[in-house]
Amino acid sequence: GQQVMQIPQYQHVQEGEDFTTYCNSSTTLSNIQWYKQRPGGHPVFLIQLVKSGEVKKQKRLTFQFGEAKKNSSLHITATQTTDVGTYFCAGPYAGGTSYGKLTFGQGTILTVHP
Amino acid sequence: NAGVTQTPKFRVLKTGQSMTLLCAQDMNHEYMYWYRQDPGMGLRLIHYSVGEGTTAKGEVPDGYNVSRLKKQNFLLGLESAAPSQTSVYFCASSYGQSREQFFGPGTRLTVL
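In order, the protein sequences belong to chains A and B. So for the first sequence, the numbering used here puts the first residue at 1; every next one is plus one. So for the second sequence, the numbering used here puts the first residue at 1001; every next one is plus one.
It cannot be assumed that every hint is accurate.
Below, a sample of chain B positions facing chain A; criterion: calculated Cβ distance under 10 Å [said to hold, decoys possible]:
hint, residue
1, V1004
2, E1030
3, Y1033
4, G1040
5, M1041
6, R1044
7, L1045
8, A1092
9, S1094
10, P1105
11, G1106
Restricting the straight-line Cα-Cα distance to at most 30 Å, the calculated cross-link-like pairs of lysine-lysine (DSSO-like) are [unchecked claim]:
hint, chain 1, residue 1, chain 2, residue 2
12, B, K1014, B, K1057
13, B, K1009, A, K36
14, A, K36, B, K1057
15, B, K1070, B, K1009
16, B, K1057, B, K1071
17, B, K1057, A, K70
18, B, K1057, B, K1070
19, A, K70, A, K59
20, B, K1057, B, K1009
21, A, K36, B, K1071
If you are wondering where the hints come from, they were derived from the structure by calculation, not from laboratory data. Since the structure is predicted, the reported quantities are computational estimates derived from the model, not experimental observations. Even for Gly, the Cβ is constructed at its ideal location relative to N, Cα and C.
Please work from the sequences and hints to get the whole structure.
In structure tokens:
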């Protein structure tokens, strides 16, 4: 079945350092979504990428969708303690009508040391 | 506008007991989902619904049942709880395909 893999599983950074998490799908995706989950919280939608090679920015966050639409990345510039949490990528279920179903990656847990 | 709410927030069950988790959304979303989250495994889809009166199995449906009698509510039932069902359960809803999902605050369930 479809697999969505994220690396790394954990990332510890000093405040001010950059951070990147990578997402790879076993199948071509029509779109990819990114979510953030704060410790003890619930996933919150960040962004959706649709086009091949698309790049979107949200302040210090840069999201990219690969040319083959099988991979994506999230880069945070100059991390802050408010960036702490788990970042998930998610792609639509492969095969037939997805009905909005998503396959989530395992997530990257980001720790920021002040 | 409360978004997506879940009750209860915490629950401890003994093996073999049953319970129902309630999810409610006030955004008039057609699609609703139940996930479980376990350490290192991301979010896995248990069951989902594409409208009132409809339900379908997700990735890990065994041991769970669901009902969507009203558009705004999606219930997840455990008929005979097992320790393997210890997890954090999230409900989510969305406007439709290729749209973002809105998550509830979660229910932390422990089965002893």
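Hint by hint, here is what the structure shows:
Interface hint at B:V1004: satisfied, since its Cβ lies 9 Å from the closest Cβ of chain A, which is below the 10 Å cut-off. Look at B:E1030: its Cβ gets to within about 9 Å of chain A, closer than 10 Å, so that hint holds up. Taking 10 Å as the C-beta contact cut-off toward chain A, the hint placing B:Y1033 at the interface holds, the least distance being around 7 Å. At its closest, the beta carbon of B:G1040 sits 6 Å from a beta carbon of chain A; the interface hint therefore holds under the 10 Å criterion.
For B:M1041, the interface hint holds, the least distance from its beta-carbon to any beta-carbon of chain A being 6 Å, beneath 10 Å. Checking B:R1044 against chain A: minimum C-beta separation of about 8 Å stays under 10 Å; hint holds. Look at B:L1045: its Cβ gets to within about 6 Å of chain A, closer than 10 Å, so that hint holds up. Interface restraint check for B:A1092: the shortest CB-CB distance to chain A comes to about 8 Å, inside 10 Å, so the restraint holds.
Interface hint at B:S1094: satisfied, since its Cβ lies 5 Å from the closest Cβ of chain A, which is below the 10 Å cut-off. Because the smallest distance between the Cβ of B:P1105 and any Cβ of chain A comes to about 5 Å, under 10 Å, the interface hint for this residue holds. The interface hint given for B:G1106 holds, since its Cβ lies 5 Å from the closest Cβ of chain A, which is under the 10 Å cut-off. Using a Cα cut-off of 30 Å, the hinted pair B:K1014 and B:K1057 holds, with the two alpha carbons roughly 25 Å apart.
Pair hint B:K1009 plus A:K36 holds up; C-alpha atoms about 20 Å apart against a cutoff of 30 Å. A C-alpha spacing of about 26 Å is found between A:K36 and B:K1057, which places the hinted pair at or below 30 Å, so the restraint holds. At roughly 21 Å between alpha-carbon atoms, B:K1070 and B:K1009 fall within 30 Å of each other, so this suggested pair holds. Annotation: proposed proximity of B:K1057 to B:K1071 holds, straight-line Cα distance about 18 Å (limit 30 Å).
This hinted pair checks out: B:K1057 and A:K70 have alpha carbons roughly 26 Å apart, not beyond 30 Å. The suggested pairing of B:K1057 with B:K1070 holds, with an alpha-carbon distance near 18 Å, which does not exceed 30 Å. For the hint linking A:K70 to A:K59, the alpha-carbon distance of about 25 Å falls within 30 Å, and the restraint holds. A distance of roughly 24 Å separates the Cα atoms of B:K1057 and B:K1009; the hinted pair therefore holds under the 30 Å criterion.
Our distance criterion of 30 Å between C-alpha atoms is met by A:K36 and B:K1071, whose separation comes to about 27 Å.
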